[in-house]
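Asker: Here's the letter readout for the chains.
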Amino acid sequence: MLLTLIFPLLLAGGAVLAAQSSVNGRLGATVGVLPSAWLTFIMGAVVTFLLMFFFEPPHEATLFSVPKWQLTGALFGVVYMLAIVFAVPRVGTAAATVAVISGQLLMSLLIDHFGWLHNDRLPFDASRLAAVALLAGALWLIYMSNARRERRQALEAEAASG
Amino acid sequence: MPPLTILLLVLCAGMGLSVEAGLLGPLGEQVGHLSATLSIFLVGGLLLSLAMVFSRGVSLGTLFRQPRWQLIGGLLGPIYVVVLTVTTPLVGVGITMVGILFGQVGASLVIDHFGWLGSERRAIDGYRVGALVLILAALWLIH
Chain A
1 MLLTLIFPLL LAGGAVLAAQ SSVNGRLGAT VGVLPSAWLT FIMGAVVTFL
51 LMFFFEPPHE ATLFSVPKWQ LTGALFGVVY MLAIVFAVPR VGTAAATVAV
101 ISGQLLMSLL IDHFGWLHND RLPFDASRLA AVALLAGALW LIYMSNARRE
151 RRQALEAEAA SG
Chain B
1001 MPPLTILLLV LCAGMGLSVE AGLLGPLGEQ VGHLSATLSI FLVGGLLLSL
1051 AMVFSRGVSL GTLFRQPRWQ LIGGLLGPIY VVVLTVTTPL VGVGITMVGI
1101 LFGQVGASLV IDHFGWLGSE RRAIDGYRVG ALVLILAALW LIH
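Protein chains in written order, with this note's numbering: chain A, 1 to 162; chain B, 1001 to 1143.
Derived by calculation from the structure, the hints in this document are not laboratory data. Just so it is clear, the structure is predicted and the values come from calculations on it, not from any experiment. Ideal placement from N, C-alpha and C gives every residue a C-beta, glycine not left out. Some clues are possibly wrong.
[Said to hold, decoys possible] Covered by chain A, according to a simulated footprint, are these stretches of chain B (three or more residues, beta-carbon under 8 Å): (1) 1053-1065; (2) 1071-1080; (3) 1090-1102; (4) 1123-1132.
Next up, chain B with everything else stripped away, as it sits in the complex:
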């Protein structure tokens, strides 16, 4: 597959993430933020369970032999989804996505700088600081 096709595919997948946020906001208003969040993880978890059953070479043993702290990813995901359902109806999908992006780039700088969560330590990267400043300016413009 040519790289441009792959990138277009990824672009569409990224659009899907905003559709997810756009669906979650109104859903959370109707049935509650936690229920809306549950719908995401329940449906996703069940689909992936099916995929696990029908995939070859999947070993649950290896998964549970990892250090316990490496298994906490699932505790963090719900925080993100609850934030989406709470903020989208208040400020719209655009500000929500730009704000999330700011938090993501900022946190990845800090995580890399201190080498947290088992990541390799890297010096603060000028490009990323520049990106952070631009994202903040964009956020200020559209609020």
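The shape of chain A in the complex, shown without the other chains:
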């Protein structure tokens, strides 16, 4: 029941991520990775500041009063970006994508299971194990699809240069 309400939200969240990587991939190729990431974060900060300033209802705690470790989320985003920029030219998009998603899924199951970082505990059970098997299959298909695309691009590049 809850999922029917949440699912459209998650779908939208994933869709904007795909759109963003499509736009930024292009931008990064022309202006460089750092300027394109910089612009993305600065624009994000500007937009969220305006929204927060005018629309956020008051809360008892503020960003300045919560424990500092709760504010470290951004560091993980930046580290991720650097890792991807470093890895993609060396191991290819196909392998890098699968590694990122595996890490994401692994850690999300751990956080749920142990209730780390003040999250609710959602124990790992048989249905989650079955889901992991399905996701492994999905990852294999994503790898195949990306690998085929990379091969084709390499062939086209070769044909263009030869």
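Got chain A sorted already, so can you dock chain B onto it with the hints?
Answerer: Frame of chain A, contents of chain B only:
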């Protein structure tokens, strides 16, 4: 660096993304979803500003000479982060991440198929459709 080491590094970076979601959920509950989202973009933006100042060969001129629509990536990012802070406390990090993955793979299929956002047009790819079906089945299993 051997490829396996690089892949392990990327795996850890992917784990970091879930940690980010795991931090954002409870933070959003305490200070508000928009404030929690702001913390991500503000800290990230400031760190990258420092990096820009100290990097060689960065040209802001080139950036702002690009077609304006190519600069909208920053409007999309906040939507994703707000979704993370709203959904994580409700359904947990696992379902959030699998749901996001579904949206990502689905949207990339559509974007490629119609050649939107300046991407090259590509026929619907059977592998990706298969992946989409498996992800949906996984989501149904764990909800």
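Asker: Determine for every hint whether it applies to the structure shown.
Answerer: Hint check:
1. 1053-1065: That given contact holds, which follows from 7 residues of the region 1053-1065 of chain B lying within Cβ reach (below 8 Å) of chain A.
2. 1071-1080: holds (count 10)
3. 1090-1102: Answer holds; 13 residues pass the 8 Å Cβ test.
4. 1123-1132: As far as the region 1123-1132 of chain B goes, the hint holds, because 6 residues have Cβ atoms under 8 Å from chain A.
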